[in-house]
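Protein chains: 2
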Amino acid sequence: MDKFSSYFLKKLVATAKDSGLIKWGDRVMVCVSGGADSTVLLYSLYELRSYFGINIACASFDHKIRAESGEDILFTAGLCKKLSVPFYTESRDVKVYAKEGGLNLEETARILRYGFLFKAAEDFKADRLATAHHLDDFAENFIMRLITGGGAGAIAGIPVKSGIIIRPLINHSKSEIKNFADKNSIKFVEDNTNADIKILRNFVRLNIIPSLKECNPSFLKTVKNTAEILKKDDDFIEMSARKIFNDISKQEINGKRIVFKKQDLSVLEEALLYRILKTAVLCVCSCDSKIKNNIFIKKPIVYYNNFKAFVKLIQSEKPNTYFYINSFTAARKEYDKIIIEYIPAAKNLFFKSFNFELEEPLETPKSGLKKKYNIIIG
Amino acid sequence: MDKFSSYFLKKLVATAKDSGLIKWGDRVMVCVSGGADSTVLLYSLYELRSYFGINIACASFDHKIRAESGEDILFTAGLCKKLSVPFYTESRDVKVYAKEGGLNLEETARILRYGFLFKAAEDFKADRLATAHHLDDFAENFIMRLITGGGAGAIAGIPVKSGIIIRPLINHSKSEIKNFADKNSIKFVEDNTNADIKILRNFVRLNIIPSLKECNPSFLKTVKNTAEILKKDDDFIEMSARKIFNDISKQEINGKRIVFKKQDLSVLEEALLYRILKTAVLCVCSCDSKIKNNIFIKKPIVYYNNFKAFVKLIQSEKPNTYFYINSFTAARKEYDKIIIEYIPAAKNLFFKSFNFELEEPLETPKSGLKKKYNIIIG
Numbered sequence: 003m004d005k006f007s008s009y010f011l012k013k014l015v016a017t018a019k020d021s022g023l024i025k026w027g028d029r030v031m032v033c034v035s036g037g038a039d040s041t042v043l044l045y046s047l048y049e050l051r052s053y054f055g056i057n058i059a060c061a062s063f064d065h066k067i068r069a070e071s072g073e074d075i076l077f078t079a080g081l082c083k084k085l086s087v088p089f090y091t092e093s094r095d096v097k098v099y100a101k102e103g104g105l106n107l108e109e110t111a112r113i114l115r116y117g118f119l120f121k122a123a124e125d126f127k128a129d130r131l132a133t134a135h136h137l138d139d140f141a142e143n144f145i146m147r148l149i150t151g152g153g154a155g156a157i158a159g160i161p162v163k164s165g166i167i168i169r170p171l172i173n174h175s176k177s178e179i180k181n182f183a184d185k186n187s188i189k190f191v192e193d194n195t196n197a198d199i200k201i202l203r204n205f206v207r208l209n210i211i212p213s214l215k216e217c218n219p220s221f222l223k224t225v226k227n228t229a230e231i232l233k234k235d236d237d238f239i240e241m242s243a244r245k246i247f248n249d250i251s252k253q254e255i256n257g258k259r260i261v262f263k264k265q266d267l268s269v270l271e272e273a274l275l276y277r278i279l280k281t282a283v284l285c286v287c288s289c290d291s292k293i294k295n296n297i298f299i300k301k302p303i304v305y306y307n308n309f310k311a312f313v314k315l316i317q318s319e320k321p322n323t324y325f326y327i328n329s330f331t332a333a334r335k336e337y338d339k340i341i342i343e344y345i346p347a348a349k350n351l352f353f354k355s356f357n358f359e360l361e362e363p364l365e366t367p368k369s370g371l372k373k374k375y376n377i378i379i380g
Numbered sequence: 003m004d005k006f007s008s009y010f011l012k013k014l015v016a017t018a019k020d021s022g023l024i025k026w027g028d029r030v031m032v033c034v035s036g037g038a039d040s041t042v043l044l045y046s047l048y049e050l051r052s053y054f055g056i057n058i059a060c061a062s063f064d065h066k067i068r069a070e071s072g073e074d075i076l077f078t079a080g081l082c083k084k085l086s087v088p089f090y091t092e093s094r095d096v097k098v099y100a101k102e103g104g105l106n107l108e109e110t111a112r113i114l115r116y117g118f119l120f121k122a123a124e125d126f127k128a129d130r131l132a133t134a135h136h137l138d139d140f141a142e143n144f145i146m147r148l149i150t151g152g153g154a155g156a157i158a159g160i161p162v163k164s165g166i167i168i169r170p171l172i173n174h175s176k177s178e179i180k181n182f183a184d185k186n187s188i189k190f191v192e193d194n195t196n197a198d199i200k201i202l203r204n205f206v207r208l209n210i211i212p213s214l215k216e217c218n219p220s221f222l223k224t225v226k227n228t229a230e231i232l233k234k235d236d237d238f239i240e241m242s243a244r245k246i247f248n249d250i251s252k253q254e255i256n257g258k259r260i261v262f263k264k265q266d267l268s269v270l271e272e273a274l275l276y277r278i279l280k281t282a283v284l285c286v287c288s289c290d291s292k293i294k295n296n297i298f299i300k301k302p303i304v305y306y307n308n309f310k311a312f313v314k315l316i317q318s319e320k321p322n323t324y325f326y327i328n329s330f331t332a333a334r335k336e337y338d339k340i341i342i343e344y345i346p347a348a349k350n351l352f353f354k355s356f357n358f359e360l361e362e363p364l365e366t367p368k369s370g371l372k373k374k375y376n377i378i379i380g
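Those sequence lines, one after another, are chains L and F.
Position in the first sequence (first residue = 1) + 2 = the working numbering.
Position in the second sequence (first residue = 1) + 2 = the working numbering.
Honestly, the hints are just simulated from the structure, not real lab data.
It should be emphasised that the depicted structure is a prediction, and the values quoted were computed from it without experimental measurement.
Mixed in with the good hints there might be a few duds.
For chains that are exact copies, the list does not tell them apart, and a pair is met inside one copy or across any two.
[What the hints assert, rightly or not] Derived EDC-like pairs: lysine to aspartate or glutamate, alpha-carbon spacing no greater than 20 Å straight-line:
1) 310 <-> 20
2) 5 <-> 178
3) 233 <-> 272
4) 263 <-> 336
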């Protein structure tokens, strides 16, 4: 094996070690689309299977969006046969589901793909589900979230590990991956939808990241460091806020209402208040089993302007006042109490702001996602 | 006055009110270069002088970098005469100082300009020093810091108020400012160095921000919200860390050495550790009066890779070990103690790492700044 390929695998081992991704005896399901990244991931883990002491299998989802998707599946199936790796596949017409769910294609494909992957992982009794996200994906996600907004936790990027999902290539750049494929004559299929710059991700990859790299050739690594720092900051504040939330919040009507004493909130720093409000909104929304169980409904988010209105609500001298945080949730002040409550009737209303003059309309960033609800994935 | 101009001034009033920038009776020194932004700032504050109840004066620094700089000063002087506003000016050959100080032009101009502005503010007995930074500047700074790296606090952007400096136009975009100049027939001078994309700021303004705006037309506002959230997060963690630092650190040899018990550090979250290390490094460096008093030497910064080495130092099983954090500072472990110490001899050494294998070299982002020391402005 050439020097570069050996360095490539060593870097993968270092990532796995540093973040505790894999342990001896693990069963690892590798998610493969047939593209360069996931095919290289499959080869690398196959190459290292004895070193890690793991059993691997491969799962491939056919979303039927592109005409060639069936061929990609056949390609991956053939590869697995060659390597004697168990192969799992499922085919779903994403377009049909997208129409039903009222979400865009990309989002629907994501939901259905992960649904299949988790099921396949269960069948294989997998301890880990490995995806091929890499350093370029990481930077793209960071920039996309910066563009669409969302604050600290939200822009922190793709985690190397979340639940059983692991991302062993997160420290490798796309060019390293292509280089590895090249040096080891690894064949893969090309995804031609990657060139469509009407999709935000592609625009960021093709038009924005290259300019940023021009300024700083190690931009990808720099942005990863920044995101890591932000993630650690967010974790710390989340943890601090969770403790306080448990101490000062009271649930009423089966969790449909969270009640605080005004004075408990008014002494808190805004960093903590922001997390406490988000937690409260998440709590009261998840009391609705329809929201909880419908995979097409996304996590409720609190826009920054609504958070600012919440701060004003706490500071306001008026004894009774309220406003809608999103279509399902209102913040209300009753003398010395601040209440976050679930109001399903609000579904049919637009955002209201009584007693408050919001300086700007709610942000609705053009994120490439069809926005049916004022809630986006957190 | 037309509707737009009235809205423009109202927004300025809102910014001033929300952040407590100006109080009745204040003496405000306005920093004016003669360009569109600062000329509009002067006009706006002049227009609002009775509303705010303020006395204004104008200060203009001639850096002699461009051939026309003298003319710009004359332009501003003429304007002040017309408005009957006291005018302060000073002329310095920035190129000569840059050579002496070993810094680049932009940085030297900044230092000399602020030196003059503070002096002029003192002469005028100013309570406030108003600069014309606006929303586009804010977003540019954010993106520049994202490119060059630096973590949470560092990317948080330009504050609306720092000490006596206030930035009443921070919520106005460049296009609003130009529009205001247009509608009110305000003349200004053009700075043709703004088109030179070899300067990082110009590259960001001309090549990167427009792409980001293409994705989200209200990108400037979105990035400001994100930065505000990050700033509040950073403030909260800084505050938490400062308390802990005071509790667990011990100064020795006139502050040239900060000593911690290993176990006090090993239980802390990384978000706190990062701030504690930065504070310790700042403390031991500022014990050197030469560093403290030389305006050409910048604040010491802790690169993320060095922070990671520091975390390893704490976790390491080896009883004695050390490494250099920057040219002036070392982190040392002595059994159950962790020591941050000032070692001026290190000036002539490069960064060393004993017992540690740093995976990557220290980051030296190409930031457009000439990097003489491993310390950059925080």
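Evaluated hints:
| no. | hint | result |
| --- | --- | --- |
| 1 | 310 <-> 20 | between (39 Å within a copy, 12 Å between copies) |
| 2 | 5 <-> 178 | within (13 Å within a copy, 56 Å between copies) |
| 3 | 233 <-> 272 | both (18 Å within a copy, 10 Å between copies) |
| 4 | 263 <-> 336 | within (10 Å within a copy, 48 Å between copies) |
When held up to the earlier numbered hints, the structure conflicts with none and fits them all.
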